[in-house]
Structure formats: C-alpha cells, structure tokens
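Undergrad: Spelled out from the first residue to the last, the chains are:
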Amino acid sequence: MSTWASADPVSSGALLAVRDLKVTFPTEDGLVKAVDGLTFDLRAGETLGIVGESGSGKSVTSQAIMGLHRGSRAKVEGQIVFDGRDLLKIVDDDLRRMRGRDIAMIFQDPLSALHPYYTVGNQIVEAYRIHNDVSKAAARAHVIDMLDRVGIPNPQKRIDQYPHEFSGGMRQRAMIAMALVNSPRLIIADEPTTALDVTVQAQILNLLVDLQKEFGSSIIIITHDLGVVAELADNIMVMYGGKAVEGSSADEIFYEAEHPYTWGLLQSMPRIDAVKQARLQPIAGNPPSLINPPSGCAFHPRCAFRDDERLGCSSVVPRFEISDEHPTRCLIPQAERRAIFQTQIETRTA
Amino acid sequence: MTDLPTSGRTPDDEPAAASTSTATSTPSSAPTSTPTSTPTATPPSAHDASRDRTSGASGGRRFSRRRKAADDDVALGEVILEVTDLKKHFPMHTSGIIRRAADPVKAVDGISFSVRKGETLGLVGESGCGKSTAGRTLLQLLQPTSGSIRYKGKDVTNADPKELRKLRNEMQMVFQDPYGSLNPRQTVGTIIAAPFHIQGIKPEGGIKAEVQRLMERVGLNPEHYNRFPHEFSGGQRQRIGIARAVALRPKVIVCDEPVSALDVSIQAQVVNLLEDLQDEFELTYVFVAHDLAVIRHISDRVAVMYLGKIMELATRDELYENPLHPYTQALLSAVPIPDPRRENKRERILLKGDLPSPINPPSGCVFHTRCPRYREDLSEAERTRCTTEVPVIQGEEDHRVACHFAGPPKVDVI
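Residue numbers (my numbering), protein chains in the order written: chain S, 1 to 350; chain E, 1 to 414.
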C-alpha cells in the first residue's frame with residue numbers, strides 16, 4: 001500500500017473509500033460524537049482491521065457503512081463510496097439491494113443476530129432468494145452447500161434446526177454462511193469472535209482466512225483484540241475517541257508503532273509468549289468523553305509523552321495526513337517519538 | 001445483588017462515633033477506640049449483625065488486634081487452602097408437569113489442589129469448564145456436593161452459617177461484572193463499608209475513615225465516597241469491588257474473571273493493583289480467568305480445567321513452556337499472538353467440534369472426543385483405554401497431568 005487514502009474517493013480505485021465520516025447522536029446530555037472525521041481506503045481482496053477500545057467508534061463506523069443509522073436520530077455526514085457510489089446519497093431501495101449482496105455483516109452476538117423463531121436454513125434461504133431469482137429447492141441446495149463449506153457437520157439436518165439448537169461456535173458459522181451466501185465483495189465482521197472461546201475462535205478465524213481466499217472478498221474486521229488482527233489484517237487502523245489515531249500495514253503497526261496510544265496498548269498487554277513476567281505498563285486514566293472530548297489531542301490527558309509548552313498538546317488538534325504512508329495523529333515529531341519509545345524500553349529493562 | 005437494603009440493615013455512611021442518623025432507632029454509641037471484652041462474638045445472621053452494631057459496643061472488635069491474631073497461623077509459602085475431590089453437581093429436572101429428577105449437571109466433578117499462602121493459583125479453561133463454579137464453591141457461595149475444603153488445616157466444608165460468616169473475614173471474592181456486583185442504589189461508601197457492618201467490626205478511626213483510606217489505596221478519589229456506582233467507569237467500578245474485598249484484610253481472595261470485562265489499557269491497571277495489594281497484605285489469590293495471557297502474567301501455578309475436571313496443574317513456566325496435556329496444548333496454540341510475523345509461522349492445533357454436555361460427559365477421559373492425540377497418534381488398544389478408563393491426575397509435585405498418554409506436543413504451541 002503506497003498511501004493510506006487518496007484525495008478523490010471515486011478515482012482512488014479502492015473498493016470502499018470513506019472520507020471524513022462523522023456520526024453524531026443527540027442525547028439528553030449533549031451531542032455524542034461517536035465517529036469524528038474518519039478517512040480510509042479499502043482495496044479489493046484486502047483485510048482492514050479496525051482496533052480500538054469500547055467507545056472508540058469502531059462499531060458505529062461499521063453500522064454507518066451498512067446504512068444502519070438510516071431512520072434513527074443519528075446524523076451521518078461525509079462520504080462512504082463503495083464501488084464508485086456514495087452510500088450516504090443513494091435511496092433506501094438501492095441500499096437494500098446492495099446489503100447482503102455486495103456488503104454483508106457478521107455480528108458479534110449470533111444469538112441475538114439470528115431470529116429465534118425461524119430455522120437457520122429459513123433465514124439463510126431468505127437472504128439468498130432476496131437477491132437471486134431461484135426456486136426454493138435450488139436455494140436450499142445452495143444453502144446446504146454453504147453450511148457444509150463453513151464446517152457445519154450434517155448440514156442436511158442442521159438446516160432445519162433453530163438457532164437455539166446450535167452451539168455458540170456453530171451459530172457464528174451459520175452467520176458466516178449467511179454473510180457469504182451471496183458472495184459479497186465486502187464483509188464487515190464486528191467482533192466476530194469476541195463471544196467465543198479461544199479454541200472456537202481459532203476455528204472461526206481459520207475459516208475466515210480460507211473463505212476469503214476462496215471468495216476473494218474484502219474484509220473489515222473490528223476488534224479490540226490485537227492478537228486477532230495480527231493474524232488476519234493486511235492493514236490496521238487504530239481508533240481513539242471517535243478518530244483514527246494511526247493507520248498503516250499490520251507489520252508497521254506492530255513493529256513500528258508511531259502513536260503513543262498504539263504503543264501504550266502494545267506495551268500494556270500481558271503476552272502469552274512473554275517468558276519474563278515484567279510488571280504491566282498500563283495507560284493511565286480513562287477513555288475520553290465523547291460529549292466533551294478533551295481539547296487539543298484527544299489522547300493528551302493520558303499521554304505519557306505530552307509536551308504542552310513546546311507542542312501545545314492540550315490546545316492544538318493534531319492532523320491525520322491521509323497522504324502519508326503511515327499517518328499518525330500526533331504532534332510530537334516522528335523522529336522524536338521513536339527516540340522516546342526507545343528510551344522508555346531501555347529504562348524499563350535496565 | 002440488587003435487593004434493597006432493609007431498614008434494619010441500612011448501613012450508615014457516617015463513622016460510628018458520629019452516627020445519629022441510622023435508620024434503626026438506637027444510634028450507635030460505640031466510640032471506635034473502645035476495646036471490647038468479647039472479641040469472639042460473631043453475629044449469627046445479618047440482622048443480628050446490625051442489631052449488634054446499633055445497640056452499642058458489644059459487637060465491635062478492635063480491627064488491628066484481629067489482624068494480628070490471624071496472621072500467625074500460616075507462614076508464607078505454607079498450604080493455606082486445600083481442596084480434595086471437590087464436586088458440585090446441579091440437580092436437573094425433567095420438563096412437564098411432573099418434574100422428576102434427571103441427571104445432574106456435573107459442573108465441578110472431583111477436583112483437588114492446594115493453595116499456598118501468598119501465591120496465586122490460576123484456574124483457566126473455556127466457558128462451561130466449571131472454573132467459576134469451582135471458585136464459588138471454594139467460598140461456599142455454592143454448597144459443595146461432596147469433597148472437602150480445608151482452610152488452615154481445618155475442614156470447613158460443611159461449616160454452619162456462624163462459622164461461615166467468620167470465615168468470610170478471611171476469604172473474600174472479586175466478581176467479574178463490575179456492573180452487576182455493585183448495588184446501584186447504594187453509595188460507594190456504603191458498598192465498601194458493608195463488610196464492616198456485616199461482621200460487626202469497628203476499624204480504628206471509624207468506618208468512614210477506613211473506607212476512604214481503602215478508596216485511596218485502590219486508586220479512587222476518597223471524596224467520591226457519596227457517589228453511586230453508575231458515576232464510575234468500568235475500571236473504577238472494579239476498583240470499588242476490590243476495595244470491598246480487601247476491606248477486612250482477608251487472607252484468601254477468589255478473583256472471578258476480574259479483568260475480562262475491561263478494556264486492554266484499563267486491564268493492566270487493575271492487574272497491577274491486584275499484584276500490589278497481594279504484596280502489601282500477603283494475599284493469596286485463586287484467580288479464575290479464560291484469558292491465558294493474563295493467567296500467565298499473574299499466576300504462580302496454573303490449573304487447566306475441562307468439563308469439571310483438572311487436566312493439568314503445574315507451575316506457571318512449566319505449564320506454558322512444557323505443556324503435557326493435549327488439551328492444554330490445543331488451548332495455548334489457539335491464542336492469537338499480537339505479533340504478525342510470529343503469527344504467520346505458527347501451526348495451530350485445531351480442536352474439532354464443541355464442548356460435550358456436562359450432563360452426560362464422555363466416558364473415560366472426558367477430552368477424548370476432541371483430543372487430537374487420540375484421533376491421530378493412538379492405536380486401537382490405546383484408544384480403548386481413553387474411552388474406558390478415567391485418567392488420574394499424577395506426576396511431579398510441580399507438574400501433574402490427567403492423561404494416559406501425556407507428552408510434549410509435536411509442534412511448538414506458543
């Protein structure tokens with residue numbers, strides 16, 4: 001990837017180009033700025049990981065792409081260009097034709113995302129027949145094939161069962177089958193394995209990798225688990241307080257993190273492969289308010305490296321230069337940051 | 001958890017000495033410095049506790065003296081808690097009008113381990129393996145079906161309520177859900193003060209001062225004494241729960257997934273706090289969690305559970321560097337590592353299928369239905385052994401395994 005995103009979303013050649021996306025929710029306490037000026041590109045066949053903590057705006061972003069805020073009190077601004085069309089401008093009927101066929105979503109909690117009154121097969125057949133003019137019997141055969149592909153044993157029998165008869169891992173497989181049944185070009189997976197046990201998570205992640213190879217879909221995977229994106233993502237965007245703070249290739253994020261928040265996250269995680277158990281290095285403080293976000297850099301109250309006098313971290317809003325190779329929303333000059341991180345590591349090991 | 005405080009139990013927010021506003025008719029007149037003549041009096045029930053508290057000094061004891069007396073019993077590194085063949089089965093009934101007894105859910109099915117004073121024992125496993133039930137049964141929040149729990153050498157398995165209350169002075173719990181485990185209608189001060197009221201203990205300097213000291217110790221602003229739980233973030237709420245658990249200076253704390261509801265950056269704060277408190281008060285932790293990275297960080301020894309049984313129990317580094325049970329190996333191998341280059345080279349041991357039902361667990365070794373070693377490496381005769389004979393947990397003191405064919409994995413698991 002040469003740059004994070006180009007200036008013109010239509011000619012950028014990306015499958016999905018998001019420009020200055022803003023989602024706000026009016027509440028009794030004030031306006032919640034859940035997503036505050038997000039810009040990124042996703043190319044065909046690529047996997048983008050969106051990482052952030054609760055309240056960072058990662059799920060709201062995915063809902064905005066799917067158009068799930070339509071008809072609600074939320075206000076969505078900016079551009080979401082999918083295959084040359086701005087999803088925020090097209091009419092509901094057009095969007096409905098695209099949902100499921102071109103863009104599909106895998107939700108975190110398959111028990112609440114699947115309808116409890118209908119059989120699993122019924123729901124997937126419906127999703128297929130909405131977009132394809134085929135007989136019920138043909139659709140059913142296709143769905144059985146799909147269930148088999150996602151690793152559900154005995155699909156002929158399973159297709160007529162209800163969601164409650166499935167285990168958590170099986171339900172998530174059924175969700176994936178539903179998302180893939182129309183071979184969409186973009187799959188948005190919102191915390192697809194968070195509710196699952198680690199051995200089942202490993203099965204599902206493997207399945208996603210295999211199916212992506214087979215179908216060639218682009219994937220946006222939203223998660224708080226850096227381990228999951230390390231396995232799946234080509235590119236990673238780190239979000240904090242509704243904004244992207246850093247975006248780059250997965251390798252860059254993990255080995256050359258630029259933003260103090262990303263760096264802090266990586267340092268604060270206990271590692272299963274850490275032989276020497278040093279004291280954890282938490283990020284001080286709490287996540288920011290989305291109603292009254294901190295002035296200047298949203299991360300400055302928690303940042304160990306802030307320098308108000310020289311850089312004005314609490315007053316100047318840092319920019320996220322999308323033309324950069326590795327855009328980072330931080331006022332500290334890049335060369336300095338690297339030096340600071342290095343000294344931190346050295347003083348700690350000393 | 002969400003029940004309203006009954007009038008008789010309404011704990012006052014003021015220090016006992018200054019109290020004139022208790023809901024009950026007799027305000028406490030106990031100056032906190034009064035040493036009591038009956039230090040052994042333990043109130044038999046919650047209502048009696050509040051009666052004691054509000055009717056004078058008889059129920060109060062000097063906090064520091066109690067601490068000192070209890071400290072002498074077990075030295076650091078000695079066994080403080082011993083569990084033998086502990087079982088917890090939940091009875092089930094058939095559906096319909098006539099509800100006959102059906103096969104029970106064997107949530108915990110015969111586990112044995114000991115915990116030494118000052119150490120952290122990690123209990124790890126997937127959902128439904130019985131780790132939380134084990135933790136709760138340890139504290140007898142759930143009545144064990146059979147087996148024994150010995151605390152400081154004394155069998156406390158079937159302690160009567162009076163003895164149990166006394167025991168809870170020394171054994172406490174931190175819960176997973178920082179939202180569900182704090183009464184939304186009580187102020188933080190009331191919540192953290194509850195153990196003092198229930199146990200009828202008057203700390204030196206008064207309850208309010210002690211509660212504020214605790215709040216400060218766990219990293220909360222003592223001025224927030226009168227705030228309600230909803231005014232705090234998840235991490236701060238977990239600190240409230242921790243302050244409540246350490247209020248009585250317990251010896252053993254069962255931590256049931258204390259950090260799994262928290263964001264990564266906050267998780268580290270709480271883990272560090274728990275470690276600091278452990279050093280400061282010589283606490284012993286039984287740490288229940290599903291996150292193998294957190295368990296590796298915090299534990300001295302680790303027990304891996306599956307379907308109500310302990311599969312492998314070893315010192316931390318032994319378990320992570322030399323796992324011998326096929327289940328432990330699969331579990332470790334399934335954890336994604338936040339390191340893409342390493343991640344790309346790893347070979348996963350994938351388990352097939354789902355967790356069997358704890359109502360009707362597989363015969364022989366409960367893991368054999370999903371075991372990669374059973375499937376790939378064993379002869380017919382060996383397999384028969386897995387399906388018929390329940391493996392006994394055995395081995396060296398620092399590394400015990402419940403597998404007929406325990407051995408190192410074929411590939412590196414981490």
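What the hints contain is simulated information worked out from the structure, not anything from laboratory work. Do not take every clue at face value.
As the list claims (entries may be wrong) - Keeping only pairs whose Cα atoms sit at most 30 Å apart, straight-line, the calculated DSS-like set for lysine-lysine is:
no., chain 1, residue 1, chain 2, residue 2
1, S, 276, E, 345
2, S, 213, S, 157
3, E, 410, S, 213
4, S, 213, E, 162
5, S, 213, E, 352
6, E, 117, S, 157
7, S, 276, E, 117
What the hints assert, rightly or not - Chain E residues, not near chain S, derived (Cβ > 12 Å throughout):
no., residue
8, 85
9, 87
10, 125
11, 139
12, 158
13, 163
14, 169
15, 234
16, 317
17, 331
18, 339
19, 342
20, 343
21, 348
22, 370
Idealized CB from N, CA, C, for every residue including glycine.
Undergrad: Now look at each hint and say whether the structure bears it out.
TA: Structure-based check of all given hints:
no.	hint	in the structure
1	276/S x 345/E	holds (22 Å)
2	213/S x 157/S	holds (28 Å)
3	410/E x 213/S	holds (28 Å)
4	213/S x 162/E	violated (64 Å)
5	213/S x 352/E	holds (22 Å)
6	117/E x 157/S	violated (53 Å)
7	276/S x 117/E	holds (23 Å)
8	85	holds (27 Å)
9	87	holds (23 Å)
10	125	violated (9 Å)
11	139	holds (25 Å)
12	158	holds (34 Å)
13	163	holds (37 Å)
14	169	holds (30 Å)
15	234	violated (8 Å)
16	317	violated (8 Å)
17	331	violated (6 Å)
18	339	violated (6 Å)
19	342	violated (7 Å)
20	343	violated (5 Å)
21	348	violated (6 Å)
22	370	violated (9 Å)
Hints 4, 6, 10, 15, 16, 17, 18, 19, 20, 21, 22 from the earlier list are contradicted by this structure; the remaining hints agree with it.
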